Amino acid sequence: MLILKCPYCGVACDETELHAGGEAHLTRHGPGSSDADFEEYLFMRENPRGVHFERWRHVYGCGKWFHAARDTATLEVFGTYSAQVAEPPKDVRAAITAKVPGWRWRDLS
Amino acid sequence: MSEAVSAVQGASASGFVDVAEAGLVGMVTIRGDLGDSDFAHAVWSVTHCGLPKKRGIAAGESDQLLWMSPDELLLVCAHEEAEARVQALSAALSGQHHLVVNVSDARAVFRVSGSGSAVREAMAKVTPADLRPRILGVGEVRRTRMAQVPAAICFDGEDQATIVCFRSVGTYVFDLLVRSSKPGSEVGHF
Numbered sequence: 000m001l002i003l004k005c006p007y008c009g010v011a012c013d014e015t016e017l018h019a020g021g022e023a024h025l026t027r028h029g030p031g032s033s034d035a036d037f038e039e040y041l042f043m044r045e046n047p048r049g050v051h052f053e054r055w056r057h058v059y060g061c062g063k064w065f066h067a068a069r070d071t072a073t074l075e076v077f078g079t080y081s082a083q084v085a086e087p088p089k090d091v092r093a094a095i096t097a098k099v100p101g102w103r104w105r106d107l108s
Numbered sequence: 000m001s002e003a004v005s006a007v008q009g010a011s012a013s014g015f016v017d018v019a020e021a022g023l024v025g026m027v028t029i030r031g032d033l034g035d036s037d038f039a040h041a042v043w044s045v046t047h048c049g050l051p052k053k054r055g056i057a058a059g060e061s062d063q064l065l066w067m068s069p070d071e072l073l074l075v076c077a078h079e080e081a082e083a084r085v086q087a088l089s090a091a092l093s094g095q096h097h098l099v100v101n102v103s104d105a106r107a108v109f110r111v112s113g114s115g116s117a118v119r120e121a122m123a124k125v126t127p128a129d130l131r132p133r134i135l136g137v138g139e140v141r142r143t144r145m146a147q148v149p150a151a152i153c154f155d156g157e158d159q160a161t162i163v164c165f166r167s168v169g170t171y172v173f174d175l176l177v178r179s180s181k182p183g184s185e186v187g188h189f
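Heads up: the sequence lines are chains A and B, in that order. Going by numbering that gives the first Met the number 0, the first sequence opens with residue 0, and the numbers climb by one from there. Going by numbering that gives the first Met the number 0, the second sequence opens with residue 0, and the numbers climb by one from there.
Think of the hints as simulated: they come from the structure by calculation, not from any bench. Remember, predicted model here, so these are calculated numbers, not experimental data. From the three backbone atoms N, C-alpha and C, an ideal C-beta is built for every residue, glycine too. Certain hints may be false.
Think about it this way: if two alpha-carbon atoms lie no more than 20 Å apart in a straight line, the pair counts; the simulated SDA-like pairs of lysine to any residue are [unchecked claim]:
no.: 1; chain 1: A; residue 1: K4; chain 2: B; residue 2: G55
no.: 2; chain 1: B; residue 1: K52; chain 2: A; residue 2: Y7
no.: 3; chain 1: A; residue 1: K4; chain 2: B; residue 2: T28
no.: 4; chain 1: B; residue 1: K124; chain 2: A; residue 2: K63
no.: 5; chain 1: A; residue 1: K4; chain 2: B; residue 2: A77
no.: 6; chain 1: A; residue 1: K63; chain 2: B; residue 2: T28
no.: 7; chain 1: A; residue 1: K98; chain 2: B; residue 2: G34
no.: 8; chain 1: A; residue 1: K98; chain 2: B; residue 2: V148
no.: 9; chain 1: A; residue 1: K63; chain 2: B; residue 2: P69
no.: 10; chain 1: A; residue 1: K4; chain 2: B; residue 2: P69
no.: 11; chain 1: A; residue 1: K63; chain 2: B; residue 2: P51
no.: 12; chain 1: A; residue 1: K63; chain 2: B; residue 2: G136
no.: 13; chain 1: A; residue 1: K4; chain 2: B; residue 2: K52
no.: 14; chain 1: A; residue 1: K4; chain 2: B; residue 2: D129
no.: 15; chain 1: A; residue 1: K4; chain 2: A; residue 2: G101
no.: 16; chain 1: A; residue 1: K63; chain 2: B; residue 2: G34
no.: 17; chain 1: A; residue 1: K89; chain 2: B; residue 2: G55
no.: 18; chain 1: A; residue 1: K89; chain 2: A; residue 2: Y7
no.: 19; chain 1: B; residue 1: K124; chain 2: A; residue 2: G31
no.: 20; chain 1: A; residue 1: K4; chain 2: B; residue 2: T161
no.: 21; chain 1: A; residue 1: K4; chain 2: B; residue 2: L98
no.: 22; chain 1: B; residue 1: K52; chain 2: A; residue 2: V84
Derived Cβ-Cβ restraints for the label pairs, each shown as a range [said to hold, decoys possible]:
no.: 23; chain 1: B; residue 1: D104; chain 2: A; residue 2: R27; range: 34 to 42 Å
no.: 24; chain 1: A; residue 1: D90; chain 2: B; residue 2: V100; range: 45 to 53 Å
no.: 25; chain 1: A; residue 1: T15; chain 2: B; residue 2: D174; range: 14 to 22 Å
no.: 26; chain 1: A; residue 1: V99; chain 2: B; residue 2: A90; range: 53 to 61 Å
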């Protein structure tokens with residue numbers, strides 16, 4: 000069972016109280032972008048075994064979207080953070096590095 | 000104006016806890032910037048309640064404010080006062096980005112009461128929320144789900160909990176609580 004702490008209301012939520020929102024930190028390429036960028040944005044997703052960044056929505060609670068960093072293999076949660084950021088904050092990255100030295104995810108490490 | 004009736008018309012039942020519908024309760028959803036002092040002042044001028052802390056409840060003379068989300072409060076007042084509160088709040092908050100809606104007749108309120116840990120015992124069977132007293136204390140609002148429907152739970156004391164859910168699922172929640180408190184079905188977890 001996956002338990003994530005909602006960064007907005009501070010509640011430790013069971014995954015059944017949440018809605019998964021797919022991969023985090025996607026850059027939207029819309030009209031006017033190149034075909035390659037648009038394809039990347041629309042279809043290409045990470046599917047790692049290990050460190051992953053996701054979007055979740057606290058749907059049975061405060062209703063807010065947030066980000067989570069977790070390990071897809073062990074279900075270990077490294078941290079949850081605000082939805083209003085384009086990349087993971089330093090403390091979350093440090094927490095991952097402490098547990099998984101040398102991790103890589105897209106162009107983050 | 001037709002006569003207002005509550006979702007399950009005040010039904011009650013007894014198992015190892017007592018389950019009763021609270022009847023007609025006035026509820027007003029207020030949304031806005033809770034960090035804005037103008038918002039806090041406007042809400043205070045109508046309800047005489049300060050803003051509640053995160054997941055908390057603020058009580059005034061007759062009204063209560065429940066923290067529902069970082070930008071949402073639920074005002075609990077007498078059912079017949081709700082419409083007047085909406086008018087007064089709308090006037091007080093005019094000019095600010097806000098939303099005030101009377102949801103009294105769109106919600107159902109239940110009270111579960113019993114001795115010892117019986118109330119937590121009955122509730123924990125139907126919600127994934129961690130109901131241990133050190134995690135969910137008295138006077139804390141926890142929005143979660145009860146079986147398949149959303150609900151807000153608050154322990155008024157160790158012997159009583161209040162549940163707010165959508166009116167359309169009022170019968171479902173009542174039946175759920177009655178089934179969950181069937182005598183002899185205690186789990187003995189708490």
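Structure-based check of all given hints:
1. A:K4 <-> B:G55: 17 Å, holds
2. B:K52 <-> A:Y7: 13 Å, holds
3. A:K4 <-> B:T28: Distance ~25 Å between K4 of chain A and T28 of chain B Cα, so the pair is violated.
4. B:K124 <-> A:K63: 26 Å, violated
5. A:K4 <-> B:A77: Answer violated: K4 of chain A to A77 of chain B is near 35 Å, above 20 Å.
6. A:K63 <-> B:T28: At roughly 17 Å apart (the allowed maximum being 20 Å), T28 of chain B and K63 of chain A satisfy the hint.
7. A:K98 <-> B:G34: Distance ~36 Å between K98 of chain A and G34 of chain B Cα, so the pair is violated.
8. A:K98 <-> B:V148: 37 Å, violated
9. A:K63 <-> B:P69: 9 Å, holds
10. A:K4 <-> B:P69: 15 Å, holds
11. A:K63 <-> B:P51: Holds, because 19 Å separates the two Cα atoms, which is no more than 20 Å.
12. A:K63 <-> B:G136: Violated, because 23 Å separates the two Cα atoms, which is more than 20 Å.
13. A:K4 <-> B:K52: 18 Å, holds
14. A:K4 <-> B:D129: The hint holds at about 12 Å.
15. A:K4 <-> A:G101: 25 Å, violated
16. A:K63 <-> B:G34: 17 Å, holds
17. A:K89 <-> B:G55: 30 Å, violated
18. A:K89 <-> A:Y7: The given pair, whose Cα atoms are some 18 Å apart, holds under the 20 Å limit.
19. B:K124 <-> A:G31: 53 Å, violated
20. A:K4 <-> B:T161: 24 Å, violated
21. A:K4 <-> B:L98: The hint is violated at about 27 Å.
22. B:K52 <-> A:V84: 25 Å, violated
23. B:D104 <-> A:R27: 34 to 42 Å: 41 Å, holds
24. A:D90 <-> B:V100: 45 to 53 Å: For V100 of chain B against D90 of chain A, whose Cβ atoms are near 38 Å apart, the range 45 to 53 Å is violated.
25. A:T15 <-> B:D174: 14 to 22 Å: 20 Å, holds
26. A:V99 <-> B:A90: 53 to 61 Å: 56 Å, holds
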